[in-house]
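So you can see what is in the structure, the chains are spelled out below.
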Amino acid sequence: MQKRHYPLIGLLLLIGLVACGGMQKGPQASQAAKTGHPQLSAADKLQPCYQCHKEVTPDIYQEWYESRHGIGQVRCFQCHGGYEDLKVVPDRSKCGICHMKALENCPKDKACWSCHPAHKFKVKK
Amino acid sequence: MALTRRQFIKRTAALTAASFCGVNLTIKNENRAHAFDADKWVRGSCRLCGVGCRVELGLKNGKPVALRGVKDSRTNLGYLCMKGMLFYKLIHHPDRLTRPLYRKRKDQPFKEISWDEALDIAAKVFADSVRKYGNNSVAYYGSGQALTEETYIFQKVMRAGLQTNNVEGNPRLCMASAVGGYLTSFGADEPIGGYADIEKCHCFFIIGSNTAEAHPVLFRRIMRRKLDNPDKVKVINADPRVSPTSRIADIHIQFKPGTDLALLNSMAYVIIEEGLVDKDFIKNYATFRKGKKKVEVSFDEYKRHLDAYSPEKAAKICGGNVTPEMIREVARLFAKSPATMSLWTMGINQRIRGVWANNLIHNLHILTGQLCKPGADSLSLTGQPNACGGVREGGGLCHILPAHRPVKIDKLRHQVEDLWGVPRGRIPPKPGYHTVAMFQAVNDGKIKAIWINCTSPVQSLPNADKYKKGLEREDCFVVVSDIFPTRTTQVANLVLPTAFHFEKTGVYGCTERRSQLTLKAVDPPGDAKPEVWIVREWALRLAKELNDPVIKKCVEPFMGKEEGFELPKAIWDEYTQKLTKGRDNDLRGATYEVLMKMPDGVQWPAPTEEFALKGGTVKKFVRGLDPLADEHAKDDLPFQFYGPAHKDKRLWVWIRPYKGPAEAPDSNYPYYLSTGRIIDHWHTASMTGRIPELMNANPYAWVEVNPKDANTLGIRPGDMVLIESRRGRNILPAKVVEGPMAGMVFVYWYDQHEDRMINRVTKDAFDPGSKEPEFKICAVRIKRLSGPKPIKPFLVNSV
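In order, the protein sequences belong to chains A and B. Reminder that position 26 of the first sequence reads as 26 in this note's numbering, one-by-one numbering, no gaps. Reminder that position 22 of the second sequence reads as 147 in this note's numbering, one-by-one numbering, no gaps.
Same shape as in the complex, but just chain B (with noise of 0.2 angstroms):
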């Protein structure tokens, strides 16, 4: 029998005396540096979040035994997380789906079926779908985490093969508001410095951001600059919660949450008022704008409108524990400190006023000149390891094209046609369907085909019961290409086994412009195949069963080449020195023998090899560090913000007004519910789940309540507790903690388990810009259901 805690605890103090004698000291293998006894290291990325981290996969006899950091990597330094250290165990687990699988109807069993029999009924039943409903009958649905070759190649067919947008993923549920807010204030997609300015920075302002367990390297190093720097450097942390990141802050904001934009406004106030504006930044490189039609308005209009959140209006509006004084002093130490970094993710992002809140950032930074400087940026991070690389820049998104061009302009669409050899008016000029839409359209029977890649939206959409109603239909055939079963490949009709990360080759690009290569090293089990010979195959398939050679002319330059290293780089090839050609995010240089050459990649722009070989652009839009500030120049000043998206080439400090969220608690539904990662799961939990250290660590997602609110609901640790919204519930163990702040429940989303799935509870309001769910909001209600039961953790392990 076990022991229990307490006679653990008992035994091993019973022990302490003991154990002092007879003890051999003696360290074995100390000294081998390389003890992991891999006989071979292959460079790659890590898999999962969006940091970038360099890792090496070690092999012993051809299996991967281990992974360890680049040290010269500069995303990581060399350091690893938990996770990044271990996903090799993934490789070559037994879950993996090795074959791929068939059912006509979805009350069926699945029946192993080969390539071709699965290829083939892919291609007909996309093709019969256009034929009977159209092309936008049928969609696309992707992920950050598919290789940037995978996301073109996909979204090439789509577009100029099957002539529809319906083209996403799951990138916009993470930070298609970040892409807004760029877009409106800097006038260019993606941030304009990098993890670099880290260790330069002398004031982090941190928002909506666990990063600790988010993004732990980084973290790893925000912390190292601070503790290296007591003094010198400060730390703000502004979150409803208090969470591992807190423990190096020096001030924490804790708000209501919703209330940021506010808090944000009245930050702008203070630096105006306190005269902490840089006078010549803003004459020489911004406007103030405002509204739908992007008014320019003058500084005094925009100070009145800031009138509005005055310390003083704007702390009521917060609550918590923000006071007046609070809001000024992280104003003035944003303005004053020498160099400021914002960093932010989810906590703005998830939002109905996403792009506003990422847009009151960026003001922040205009006012103070906190741009463009070594230290200072305003650096949005990415939760996915290619959401920037493969989905942002390589046109994964309905509204999007390759290279930053928004499908809508003529001629950038048409320019994407005569790079592709396909005739002008092939791809449509309306969006497609962005992902609340697409998977509404499913529900609604407009939608008969989806192929969902990489990704689990039954799990990761909001009010997820909803939308997975719609995949359920018989009407609609659901294709799912994946490395493990997952709660979507249960709604499937046809699952395909892909090739996990270091099973084939590909280009990830982190969140600070940064493209890396991971290189082949292990083939993948059974039958499994990389996406972009699966998408090949069926792009000819689907020329033959429609009869239209454009469709073959989509996948025409790759024919013949081998899918570990020749037909992926065919892709890089034709996307970087094509399609990336004369825009914002030129990566000509960055070809795969010099990021074979990098330890850790390049940042574009990056237009020649030889630009590319020195790492690329680590601040964008500065003169001499950036080759298109040079060639953009329009002036003599020192930056120049060339982005397409300003044709005043100017920054925007925009007028945004304070707006809450979507459901905010009332007497029927009266907590606040946010959701968030921890740092040993990842998503759903689909590859974290399946490493016995990370499952064990956490192994069963928990509710956090605030000890006041734990106290009027009687419920104590471990106690279960109903969790209850408009549109689901859940039924969790209760961690009572100074977390959450009173009111405000918080829970992890990884969990897998039906009465776990905390996607069930949350709302599926969006932004009406960026189309990016408010995951992190919404109202419910708590009820302790009885004391602590046993939990098992929970995986989906059979399709």
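The following block holds chain A by itself, in its conformation from the complex (with noise of 0.2 angstroms):
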């Protein structure tokens, strides 16, 4: 089966966007640093993280539509935080949150999305 390397590529864009964080200036740039996600205006912030995200990460966006997780509303910030919390790459403990039984029985040694690909979240890659 030929391997598409979106998820790999959305990931390192998403670091791209934790490295320049630190750019901004001010309370809102201290905050950016900390999550490390371009600082965002107030009216930004409400809005759902996939209305940018389908233009920046559009093949992530994708994946991750068309997922169960797409389909069943599993959205960006339960996995990944919100702003002022985001992490890029989630603890495995917030798959933990709904799958505690699969927690339990896949390899301990292992993230979840070496075998289950990241947006995608197929049974086996």
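Honestly, the hints are just simulated from the structure, not real lab data. Keep in mind that a hint or two might mislead.
[Said to hold, decoys possible] In silico lysine-lysine, DSBU-like type, Cα no more than 35 angstroms apart, as pairs:
#1 B/706 <-> A/45
#2 B/669 <-> B/645
#3 A/34 <-> B/214
#4 B/772 <-> B/418
#5 B/772 <-> B/706
#6 B/908 <-> A/45
#7 A/87 <-> B/408
#8 B/555 <-> B/419
#9 B/417 <-> B/441
#10 B/418 <-> B/555
#11 B/231 <-> B/249
#12 B/165 <-> B/185
#13 A/45 <-> B/165
#14 B/196 <-> A/54
#15 B/722 <-> A/101
#16 B/461 <-> B/408
#17 A/108 <-> B/196
#18 B/325 <-> A/110
#19 B/833 <-> A/45
#20 B/917 <-> A/54
#21 B/722 <-> B/185
#22 A/110 <-> B/165
#23 B/214 <-> A/101
Fit the two chains together into the complex; they arrive one by one in their own frames, and the hints show the way.
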């Protein structure tokens, strides 16, 4: 099966956002530096993450939208946190909020997404 | 200065290349399955919708830090939605009400008072009102979010103590039509099956429900079933609005609001015309009925009645995308599937013929025998976590006593009086005011003191301004017990701070007859108290004020009990061991001890602890699964419909003609308005609005406008739009979307801002049987006011 690399590219893109977060100034800038997300206006913060990310990271958006998480309305902030507490790579424990049984049954030495590709969330890669 | 969205996108794109080097992809904590940093987990149920997801609250040094799903729970299989994973943030929220507040007049500011003062005032006002104006001058208006123990003790004190049946609750607004439907079709309230049918279902018929947003975890189970079996499982979604639920649908039936009865009758027409009826099932278990007198009629008469609903005729009535062939196709799918499950909620219930709409869904199941077998059920989804368990079963509506006993039936009323040890005749035989009538009575000055618990009618009643005026009257004393300031605390005289979920112990009963216990994990903030304590202490003062020992008798079994566990346990024991004994919701086996052992509670009937420990009754009326079906068996047939409302112990197929909405569009108000939920918020947002992630995700209500209408009206995305009915108006930003059908607009109802409280616009016409209002349909006109304007989220944040 042909492997697609969009998730990795998207992940790296997000990490890019983290790397540049510190460029902002002022009180909001310090917040941006902390989370790594580029600074957003108050109005920008009042919209779902995917509103921008379907343009910024269209492949990731599309993968999520078509996945069980997308259809089932599991939103970005549920795994990654929001603007103030963004984690580009979520803690594995976040998966455990809904998938405790899987966490117990799956290998303990691997990240969930090493078998279940991030944003697609197929049962197996 | 913050980046504009365009700048943000540009910057992000420019950064992509740079981000490839020097990035450490090591994932910290990945091996920590329980990395929430919690040192203790306490089990309970979700506080929000009616699914009944089981959760564990994580505590760190006694403070709530997380919620996670219970993996062995049969309700949610471990899944949680965003509300379920975040509501722990409300437990110690700074906006919590923490002291009793009082003002003599509603134009005065509140002042903090002690509990002794507060309870004395509440007792004196209610006692004075009873003395001066009679027992029916006082009222209790409760909630499908109150624990069963709370609803039970409130209604006991009101009925046997203050001798009034003015006991109502917000479930009247959401599931009263479902109650009427179950009683008149199956002879017993509440569904036959439950969620376990989802994984065995082959055809989902979802009508009048945006399950994906209103019951997200249940939707996840339906979605999983569909995606795992894309060809074997069919999903039919019938709704005037295309919603996120429609994404898994094989067929979306988009009919004109209020034409559902024609559609459902037409499906029955096809089922009969094409010989898809399960003749044996009908012969063994069903009869046909019509009219107020419930006259039995022949199958031929029923068939003749359906002549008015041939697919050709019905398609014309339904409009939208409905074609005769579509009706035929869905009827065939429904009837021929190995197991069909209907799911619905407010789109069906909140209609002036909501009971009839429920009957017509049940008709399809009876005609095709799609009942009592794995994967087949006619399942009404409930909107609140304890509308079923607390209000429907616990006696929280004006016409029913605990354990499904109609108050007007002398024998059943006297049973309750005997079980409570109060004199016969103490509970009045006449039902009290139903919800709309209750607030009309407030308007009319007939109710002088009302206690509103855990709900906000100023925002949630239809035609809200009309009823707000009554609550603002100075001659009506309003007590509000709640956890946060709301639109309703703004009209209160006395505000009582209550304990939140996990700050008290008690039981919730969800959609599928399942009772589940939530244990106290933390103390409430400040002076906030559990309702069970408040009612007990209030009743003792009432007894003194009115010099009436019977009022004291109502709470005597609960005297001296510690309020965090022993008190609710004693109330639950009385309710289950005494009141549910011998009733169809027999819960005697579901003791606190059993509930604490179960990951997910018990489905009634569960007459013994031994049976309850196996989970209870998965499928009602089925011999071998339901102990009462064996106990009440009248023959050797496998299904026994022993429900108390049908003396013939049979299912009833109803003749119910088509009836449109109370208010259809006309030349002055040319659009349909419908309202509903959005996934991030719940009810009036007094809770979800205080969780930043949820408020940011959907900070204010929008009006959804179909692109065709937007084009006609010159409305562009984000434009400010005036929406106006004969009752009130809103000003909302527009979302131009292929959601509502052309000629219809849709508004989310959670927003507390006075310009965006859509119940100021909705209509308060109600079903003559269930008394449930037709929130879902009214006529409006809409107009573009301006281009986009900055809007701030709004919450009532002080009383």
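A quick look at each hint next to the structure:
no.	hint	in the structure
1	B/706 <-> A/45	violated (54 angstroms)
2	B/669 <-> B/645	holds (31 angstroms)
3	A/34 <-> B/214	holds (22 angstroms)
4	B/772 <-> B/418	holds (14 angstroms)
5	B/772 <-> B/706	holds (20 angstroms)
6	B/908 <-> A/45	holds (28 angstroms)
7	A/87 <-> B/408	violated (62 angstroms)
8	B/555 <-> B/419	holds (22 angstroms)
9	B/417 <-> B/441	holds (28 angstroms)
10	B/418 <-> B/555	holds (20 angstroms)
11	B/231 <-> B/249	holds (18 angstroms)
12	B/165 <-> B/185	holds (7 angstroms)
13	A/45 <-> B/165	holds (33 angstroms)
14	B/196 <-> A/54	holds (32 angstroms)
15	B/722 <-> A/101	holds (19 angstroms)
16	B/461 <-> B/408	holds (19 angstroms)
17	A/108 <-> B/196	holds (18 angstroms)
18	B/325 <-> A/110	holds (33 angstroms)
19	B/833 <-> A/45	holds (30 angstroms)
20	B/917 <-> A/54	holds (24 angstroms)
21	B/722 <-> B/185	holds (24 angstroms)
22	A/110 <-> B/165	holds (26 angstroms)
23	B/214 <-> A/101	holds (25 angstroms)
In this structure, the earlier hints numbered 1, 7 are contradicted, and the remaining ones agree with it.
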